[in-house]
Structures are given as structure tokens and as C-alpha cells.
Amino acid sequence: MAKIRTIIVEDEAPARDIIRHYLKELEDIEVVAECADGFSGLKTISALKPDLVFLDIQMPRLTGVEMLEVMTEKPAIIFTTAFDQFALKAFELNAVDYILKPFPKRRFIEAVNKAVEKIRSGTENKEPAELLAKKPESAAPVNRIVVRKGSAINLIPVEQVKYVEAQDDYVMIHHSSGKALKQQTMKFYEENLPSKDFVRIHRSFIVRVQEINRIEPYEKDNHVAVLKSGEKLPVSRAGYKHLKEELSF
Amino acid sequence: MKHPVLENRVRFVVWWLVWLFVALGQALLFYFAYGTFLNISIVDSLLSLLIYSGIALSLWYPFNFFNTGQTKYLTILMNLVLTGAISIASWIMITRFIIPLILPGQQNFDEYWTATFPYRIGTGVFIYGLIILTYYLFMSLTNLSEKKSREAKLESLVKETELKMLRSQINPHFLFNSLNSVSSLTITDPDKARDMVIKLSEFMRYALSKKDEQPVTLRSELENLRLYLDIEKVRFGDRLSTEEKIEEKCFDVKMPVMMLQPLYENAIKHGVYESTEIVRIITSVKLIDGYMEIIISNNYDPAPEARKGTGTGLKNVVRRLELFYGNKSYMKTSGENGIFTVSLYIPADCK
Chain A
4 MAKIRTIIVE
14 DEAPARDIIR
24 HYLKELEDIE
34 VVAECADGFS
44 GLKTISALKP
54 DLVFLDIQMP
64 RLTGVEMLEV
74 MTEKPAIIFT
84 TAFDQFALKA
94 FELNAVDYIL
104 KPFPKRRFIE
114 AVNKAVEKIR
124 SGTENKEPAE
134 LLAKKPESAA
144 PVNRIVVRKG
154 SAINLIPVEQ
164 VKYVEAQDDY
174 VMIHHSSGKA
184 LKQQTMKFYE
194 ENLPSKDFVR
204 IHRSFIVRVQ
214 EINRIEPYEK
224 DNHVAVLKSG
234 EKLPVSRAGY
244 KHLKEELSF
Chain B
47 MKHPVLENRV
57 RFVVWWLVWL
67 FVALGQALLF
77 YFAYGTFLNI
87 SIVDSLLSLL
97 IYSGIALSLW
107 YPFNFFNTGQ
117 TKYLTILMNL
127 VLTGAISIAS
137 WIMITRFIIP
147 LILPGQQNFD
157 EYWTATFPYR
167 IGTGVFIYGL
177 IILTYYLFMS
187 LTNLSEKKSR
197 EAKLESLVKE
207 TELKMLRSQI
217 NPHFLFNSLN
227 SVSSLTITDP
237 DKARDMVIKL
247 SEFMRYALSK
257 KDEQPVTLRS
267 ELENLRLYLD
277 IEKVRFGDRL
287 STEEKIEEKC
297 FDVKMPVMML
307 QPLYENAIKH
317 GVYESTEIVR
327 IITSVKLIDG
337 YMEIIISNNY
347 DPAPEARKGT
357 GTGLKNVVRR
367 LELFYGNKSY
377 MKTSGENGIF
387 TVSLYIPADC
397 K
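Line by line, the protein sequences are chains A and B.
Numbering follows the working numbering, in which position 50 of the first sequence is assigned residue number 53; successive positions increment by one, without gaps.
Numbering follows the working numbering, in which position 251 of the second sequence is assigned residue number 297; successive positions increment by one, without gaps.
A portion of the hints provided could be inaccurate.
[Claimed, not checked] Every beta carbon over 12 Å from chain A, so not counted as near; a handful from chain B, in silico: (1) 48; (2) 140; (3) 159; (4) 177; (5) 371.
[Said to hold, decoys possible] Pairwise CB distance ranges, derived in the manner of DEER restraints: (6) A/6 to B/232: 40 to 50 Å; (7) A/103 to B/284: 19 to 29 Å; (8) B/240 to A/182: 29 to 39 Å; (9) B/235 to A/51: 23 to 33 Å; (10) B/206 to A/103: 31 to 41 Å; (11) B/234 to A/76: 27 to 37 Å; (12) B/240 to A/103: 15 to 25 Å.
FYI, nobody ran anything at the bench for these hints, they're computed from the structure.
Just so it is clear, the structure is predicted and the values come from calculations on it, not from any experiment.
Even glycine gets a Cβ: it sits at the ideal position worked out from N, Cα and C.
Bound-form chain A, shown alone:
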């Protein structure tokens, strides 16, 4: 049987050491690469297409969770983390397992066995969008959005986001230097973008309040929001009410 090709993505050297050490004793596993930050982790994963990845959450440049958001082909993931278990619960289904550092060997082996079983049986990972939407309230507020454009990974600071538009199963993020498609739900952004800056004006639009230049009536009951850039976005009746509350006019 082919060995399970594994990558360790973890920014602290001693933490990589112990994972490598535990894995050395397992005959099924072959460590093909080790990465010390999120970007190089992502690059290596798409280059080597491993079966299994040990993924730390807290890492420079890109967190483990953000990496998972933009991975196109998903290997089996085991999260390793020191203290993010609450944020992790939501990703539990998406990852094979998560282990809290420092972990006992028994717990580590258990997680690996789970992963091996899943890889051997060929079970597909679930789609992330529905799961990402379950992100609990206790998670840190969104202050950047990770998107993939071809093979490039971009981080869009929330301050640069002008509006978010629904597009089937995706959302289009319109920001100061272009737009980017992202697999995520409108509900997620409605709940996680800073509510003092963003208003949901329509089923398909969440807009930054400061970007609105004026609001014009449109047809008989409806309105449109004219942005500073000149773009016009529809405002639903409920959205008009939200805007009224937010801007108190």
C-alpha cells in the first residue's frame, strides 16, 4: 500500500520536531515537507498534493484557518493548536481532527489513525461554505479576507472592502483595487463584518456606509444607493429600513 504523504505546517521548530518524531514511528506515513508559515504551506500543498496535512492555526502571514478557506484541493487536515479550540469547533467537521498542544502520544496516534482511515476509504471532505458559515460568535472579528486569484493568494484588509455582492454560491468582494470571488455566504459577512461600517441594503448586497454618496428613489417603492464611484446598487425595503436606522435620517 502506498504511504500517506504528509506535510507539517507549523511555525515553531520544537512543535514541528515532536510531530515529526511521533510520525517517524508510523510506517504508513511519509513526511514529504515541512513549512514554517501559511504562504509557503499553501504553495507546498498545491505543489506536492499531499494526502495529509498537520496545520497550526496561529502562523505568520496566513493562519491555518485562512489557508483552509482558499485551498482548492483539500487534503485531510489535522489542526494542531494551543488555544483556539472554540474557533476550531466550527471547523471540526471540515478537518479530520484537531489536537490541543501539548498533546499526548496516544491522542496524536488516534488523530492520525482517523485520518488514515478516511484517506484509505476515500471519503470526500465536505464543502467549506456551509461549514464556514457556522463560525461561532466567539471567534475573532474578521479584519482581512483571504482570496485566491489563479495561483496567487491575496489578503484584502477589511478597510478596503467597498461592498460585497452575492453570486450564487459565492460572494464577490468589491474592494479599492478590484474585485475578488470567494466561497462564502452573505450571512457570514453580514454577521462578521464590523456592523458599524457595513449595512445589508439588499438580499444580494452588503455595503460600506461611507461609500454611499446618496440614495435616490427608484420606480415607485424602491431606492438605489449611488456609491462614490458612481455605481448604483439596489436597496430593498428592508435594506432601506436598515439604512435609515444606521444613518438616522
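Following the hints, complete the assembly by docking chain B onto the known chain A.
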């Protein structure tokens, strides 16, 4: 509440002097009003007021009792009137019984008694009123000062708790990741693992044991910080480097405990956590115009997409400085060209 007279020697003496004075006054009054009964009136005045004084002393207890838990003024008033009636009646009866025993064979006693009886009632009521006023004044003054001291105590308790809360925030990321490093080192380098456990213990002991009210020297703060940074260096290896430029005379300046650690933690969180470059933390300390200036700077990734914290760590330091020094100390921060700097100014004369 303690008895205002019996529990205090000075008040006890003053109490009896006042009564003696009143008794002499009354004796003189009786002498001029009923001159024929001079010897009786002197003995009577001294004796009767002595008795009344005893009764007055014991009145404290029922008064104190009426006031505890009673809020209805009518009930208190009824109690006071009833107690007054009983007290005055027993006083007059005791006096009536005792004086003939001390002055036997005074045939004109009955006549004297009848003549002074209305006056006795009047005096009894008047003095009773004075006693009520005295005791109640005492009670309210005591309550007031007790309330004040209670408030002061509460305030210091709140302050203490706040200081404790602001301080005891050891980052769980630091703790668990360090323990994970120890776990790893037990396999690869047991000596280093032991070394790290000892450093971690010393750091935790320092962080947990010191009392907030007792300032520490910069020297012991820096010693503790080196422990902290040594531990972090095991985690991050070459990615973290530190440098110190300290003026010799600053080492013995006192400052609040665990004040610098959050600043380093902040530097590591925004520097090392978010960057793959080497992060250099530079500490420089010098004395300027009676202030100890502590400057901690670190390079960081200034890109707008870099993750930002909530600023709690720095806010806590500012709040602690406020609680310790009022407005006599301050902190400022700046982030320019990828270098983040925190400057702390602490009064240097604070021993």
C-alpha cells in the same frame, strides 16, 4: 455599637463631672427656693442625680436596640416615650425610698418632697430629652464615620481587584505553546527541556506571587523579562532577537511589577507571530528630568492586511499606570516605517 461612655475613659470622667455640676446647680436652686431644707436638698440633689446618671448610662442599651433594624419612626418614638416614662418613674420611686434611709428622722421630708415633686418630674423629662439627643448624635456620627471607612475600604478593594485582573493575564498561547516546546524537548534535548521548565516556573512564580502594592526594581523586572524572552526564543529560534541598552543608574529605580512583560508580549504578538522575518526587540532605558524613560521597539510587517489586535494589552498597561501614579506617568506609542515603539515614563523618585 460600643457604649459611648463606658468604653472611653475620658468620656467617662466628663460624664460624671457634668452630672456633679448639674447636681450642685440643683442643690443651689433648691436652697434658694426652699431654703429651710438645706441639708436635705444637698443630699437629695447629689443622690438623686447619681441614681439618674446610672439609669441614663444603662439607657444606651435599649436606645441602641430600638435603632437597629427599626425604620418606623412612630415605633421608635413610642419606644422612647415608654422607656422614658418607666425610667423617670423608677428614678423617682428609688429616690423616694432611699433618701429617708440616709437622712433618718427628718420630719419635714414629706413636706419637702411634695414641694419639689413637680420640679423632679420636669427635671426627669428634661434630662431624658438631653440623653436622647446625646446618644442619637453619637450614633449618627459613628454611623457616618463607619460608612466613610467602609467606603474607603471598598474603594481600595475594588482598586486592588482591578490591578490584579489587569495583571494576571498571562497569554494562554504563550503558556500552552511553551509547554508544547517542553514536551518536544523532552525527546530531542532533555537538558534543555529541564532548563525550560525551570525558567517557566521561575517566570510564573514571579508573575503570580508579587503583590501589586509593592513596587520592584527595574533590575528584577528585567531579570524576569529575560526568563520570558529565553522561553520565547526556544519557541521561535532565530526569528526573535533582543537587545538592551540600560543606563546603570536606572537599575534600582522602582516600578510596578509585571509592567514590561505585556509590552514584550505585544511586540512578539505583532512582530514574531505575524512575520517570517527576524524580529528585533530593542529596550533602552534612561533617566530624563526625574523620569525613567523606557523605550521598547520592534520591527513588524506594516502591510495593511497584517492582522491587528484589539489593543487590550497596551490599554491594560495604561490603566495600571493610571492606578499606580495617577497622572504622574504616561505611555505613548508610534508605528512608523515598520518599527513599532512604546515609550513609558515612570517617576524615578518613587522608592
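For each hint, the structure was consulted:
1. For residue 48 of chain B, the non-interface assignment is confirmed: its Cβ lies about 54 Å from the closest Cβ of chain A, beyond the 12 Å cut-off.
2. The beta carbon of residue 140 of chain B is kept farther than 12 Å from every beta carbon of chain A, the shortest such distance being approximately 78 Å.
3. Residue placement check: residue 159 of chain B keeps its beta carbon more than 12 Å from all beta carbons of chain A (closest about 87 Å).
4. The Cβ of residue 177 of chain B lies farther than 12 Å from every Cβ of chain A, with a closest approach of about 65 Å, so its non-interface assignment holds.
5. At the 12 Å boundary, the C-beta of residue 371 of chain B stays outside the reach of chain A, the nearest C-beta of that chain being 33 Å off.
6. In this structure, residue 6 of chain A and residue 232 of chain B break the distance hint of 40 to 50 Å, their C-beta atoms being roughly 27 Å apart.
7. Under the hint 19 to 29 Å, the C-beta atoms of residue 103 of chain A and residue 284 of chain B, about 27 Å apart, fit the expected range.
8. At about 55 Å, the CB distance of residue 240 of chain B to residue 182 of chain A disagrees with the hint of 29 to 39 Å.
9. Distance hint check for residue 235 of chain B and residue 51 of chain A: the Cβ-Cβ separation is about 29 Å, which falls inside the suggested range of 23 to 33 Å.
10. In this structure the supplied range 31 to 41 Å holds for residue 206 of chain B paired with residue 103 of chain A, their Cβ-Cβ distance being about 34 Å.
11. A hinted range of 27 to 37 Å holds for the C-beta pair residue 234 of chain B and residue 76 of chain A, which are about 33 Å apart.
12. For residue 240 of chain B paired with residue 103 of chain A, a C-beta distance near 23 Å keeps the hint of 15 to 25 Å intact.
Figure legend: structure checked against the earlier numbered hints; hints not met, in rising order: 6 and 8.
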